[in-house]
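**Student:** With the sequences and hints as input, model every part of the structure.
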Amino acid sequence: MSLQRYLLGATVWMLVSTANADEYYEFLSIRCMPQLQAIRLDFVGIWNVGDWIWPSVPEQENRKSWVLDSWQRHENALKTLERKHGLHVFGQQYGRQLDSPIICELPHFRVSIAAARIEREYVDEDIRVAYRGRAEIQITALNGSLVFSETLDEADDFQAAEASYGLAISHCKKASESPSRHVTKECSEQLIKVPNSQ
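Counting along the sequence shown from 1, when you hit position 33 you're at 33 in the numbering used here, and nothing is skipped either side.
If you're looking for bench data, these hints aren't it; they were derived computationally from the structure. One thing to keep in mind: the hints can contain errors.
Unchecked claim - For each label pair, taking beta carbons as the anchor points, the in silico distance ranges come out as:
1) Thr140 <-> Asp99: 18 to 24 Å
2) Asn143 <-> Ser56: 46 to 52 Å
3) Arg31 <-> Glu125: 37 to 43 Å
4) Gln93 <-> Gln138: 23 to 29 Å
5) Ser180 <-> Gln93: 20 to 26 Å
6) Asp99 <-> Ser180: 32 to 38 Å
7) Asp99 <-> Ser188: 27 to 33 Å
8) Thr184 <-> Gly144: 23 to 29 Å
9) Ala116 <-> Tyr24: 22 to 28 Å
10) Gln138 <-> Glu189: 15 to 21 Å
To be verified - Only pairs whose alpha carbons sit at most 30 Å apart, straight line, appear in this in silico DSS-like list of lysine-lysine:
11) Lys174 <-> Lys193
12) Lys185 <-> Lys173
13) Lys193 <-> Lys79
14) Lys185 <-> Lys174
15) Lys185 <-> Lys79
16) Lys193 <-> Lys84
17) Lys79 <-> Lys64
18) Lys64 <-> Lys185
19) Lys193 <-> Lys173
20) Lys64 <-> Lys173
21) Lys173 <-> Lys79
Quick caveat, the model's predicted, so the values are computed rather than measured. Just so it is clear, CB atoms sit at the ideal spot from N, CA and C, and this is done for glycine as well.
**Tutor:** This is the structure in structure tokens:
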């Protein structure tokens with residue numbers, strides 16, 4: 001009897017460990033570097049952070065209150081990741097909505113990162129939450145003219161840097177992905193000449 005309990009306990013532990021080992025979350029690391037006259041956005045995949053971005057919520061009698069409290073704690077955890085580490089979620093249902101565009105002021109350009117608002121059901125049919133769609137980048141010159149506009153796909157990396165002739169853009173897109181989530185990317189560079197950019 002005790003051997004059966006031991007085997008049952010070991011099996012449950014292995015199942016829980018295996019489930020936790022498969023948690024994979026995707027983020028967009030945003031680094032605004034005015035001193036370097038550049039902005040960089042990198043795709044980052046992190047394993048096993050589910051317990052951190054989905055904090056446990058004490059049980060409540062009212063199910064709807066409990067579910068909404070759960071989502072609010074989740075959004076607060078994501079806000080902390082954004083504030084402390086520059087990690088943002090775009091285009092994933094576990095993301096949160098974007099209150100306003102993310103702005104990066106470079107010496108001669110303004111970079112705006114926005115996203116469409118997408119709603120979905122959360123746990124129950126009558127509870128809806130919102131999250132961000134894919135990252136939409138717009139770069140304008142000081143005079144307000146649009147210089148560059150692009151919507152990033154999943155796993156894209158992006159960099160824009162000021163130069164004496166205008167703006168140097170590097171954009172890397174996912175070419176392939178292995179079963180272990182190793183991503184191969186193809187990169188392109190673009191030089192945008194902007195009169196009187198500096």
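**Student:** Which of the listed hints are not met by the structure?
**Tutor:** 8, 13, 16, 18, 20
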